[in-house]
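Colleague: What follows is the residue order along each chain.
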Amino acid sequence: MIDYAETASQTAGPYVHIGCTPNFTGIDGVYPEDLGLRMIETGAKGDRITLTGVIHDGNGTPMRDAMIEAWQPDAAGRFAGQDGADPAVPGFARCACDPQTGRFQFDTVKPGAVPFPTGGLQAPHITLWIVARGINLGLHTRAYFADDPMTQSDPVLARIEHKSRIQTLLAQPKGDRVYEMNIWLQGPDETIFFDV
Amino acid sequence: MPDEAKLGSYAARLRENHPVALHPPYRTSVKRSPTYAPISFPSSPSEEYGPVFGHADLGSLDHDLLYNFGEAGASAIGPRIIVHGRVQDQFGRPVAGALLEIWQANAGGRYRHAREGYIAPLDPNFGGCGRVITAPDGTYEFRTVMPGPYPWPNGPNDWRPAHIHFSVLGAGFAQRLITQMYFEGDPLIPLCPIVRTIHDAGAVERLIAPLDMARTVPMDARAYRFDITLRGRRQTMFENRMEGL
Chain A
12 MIDYAETASQ TAGPYVHIGC TPNFTGIDGV YPEDLGLRMI ETGAKGDRIT LTGVIHDGNG
72 TPMRDAMIEA WQPDAAGRFA GQDGADPAVP GFARCACDPQ TGRFQFDTVK PGAVPFPTGG
132 LQAPHITLWI VARGINLGLH TRAYFADDPM TQSDPVLARI EHKSRIQTLL AQPKGDRVYE
192 MNIWLQGPDE TIFFDV
Chain B
2 MPDEAKLGSY AARLRENHPV ALHPPYRTSV KRSPTYAPIS FPSSPSEEYG PVFGHADLGS
62 LDHDLLYNFG EAGASAIGPR IIVHGRVQDQ FGRPVAGALL EIWQANAGGR YRHAREGYIA
122 PLDPNFGGCG RVITAPDGTY EFRTVMPGPY PWPNGPNDWR PAHIHFSVLG AGFAQRLITQ
182 MYFEGDPLIP LCPIVRTIHD AGAVERLIAP LDMARTVPMD ARAYRFDITL RGRRQTMFEN
242 RMEGL
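Sequences listed follow chains A and B, in order. Going letter by letter, the first sequence gives residues 12 to 207 in our numbering. Going letter by letter, the second sequence gives residues 2 to 246 in our numbering.
Among the hints, a few may not be true.
As the list claims (entries may be wrong) - Stretch-level coverage of chain B by chain A, calculated; a stretch enters the list once three of its residues show a Cβ under 8 Å from a Cβ in chain A:
1) 24-36
2) 109-119
3) 162-174
4) 191-203
The hints are simulated quantities; they were obtained by calculation from the structure and are not laboratory data. Where a beta carbon is used, it is the ideal one built from N, C-alpha and C, also for glycine.
With the rest of the complex left out, here is chain A:
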């Protein structure tokens, strides 16, 4: 079978909001609302949670111009498009980071566990994808839940050689069902990014 080369990535640049969240950047009247405003719709089953954090560059400065996307299954571990998936869980959202603070936030339900191709279940997690000026290929990572016992036996985390880095993928409970996961592109706490 012919294997064509994947189209090269290029940075999303400083104006990614124009294309991906135009209403956020003041271009209204083209789309009724920005795509991916909500992870869930009214009536979604499961435990309501909030995932929030700040993305930092190698100077430790919040990346206020970044866009982050989140993708997850429903509370039973089924993705939109899978048989039996909760119709109130599209499971996809994007967030333009706050122009002042750089903070992102996703209000959602806690995802269920999903299978791993070589067997077993992966711990509940939310896939995250980050683009911005200066990022040449979108950064793919995951938020796991530090207080979920399944996280201890997750098959992806088990593959990570530098065990001290696993904590970069653990969203920490902050009370009131809020989880915080701060992301660092460089430095001693550089977040683990995936090639998958």
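Given the structure of chain A, go ahead and fit chain B onto it with the hints provided.
Modeller: Same frame as chain A, now just chain B:
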């Protein structure tokens, strides 16, 4: 279309088809490039499924940047062009239902954005964003104006070649891609530090859309063709023969 259930994991991404993370001539990449190698694992449902969009989610002018922003019937200013192409996976299968979102500067090289300070004026009838969903055969088409090149604060005198940004959401989240399309014959392409983050000449060449006279609309708009290849899933053996071709 092959039955998704008979497809296996996504083929590993070949990094040489992509830009490097750290390319000091693109100055912002210096502090925004991870230093560790990314960690690989076989794709799972988290990467093999992706958000689902339908044609009903789009408005009738979403793919027409000439008219989707200004007063009804008022056209954006600039050379009228059609941008079209086909989205396929790396094994040549069409990617139907992919959401393409585009954004670009106006004909003078000015973006409609709070952080943009270029001297060129805004066009009251040009917003600069559009979107379309690929047809069952993977094809798509936009109508817009030719974007202008523009200077940007990097080196002392860097200019971006004319380009259109593309965001692509395919069938699986592993296919997620943002890229830029350039125009055949633009002398700024080989000078651009962002283009040069890609070290493979063929990979750069594939981002350059050729003029497509066959799709030009006489006395109306020129056409450029931009084909996109996303990652693909390998086939799994099923009843001792290959399925999904």
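Colleague: Of the numbered hints stated earlier in the document, which are not met by this structure?
Modeller: Of the numbered hints, all hold.
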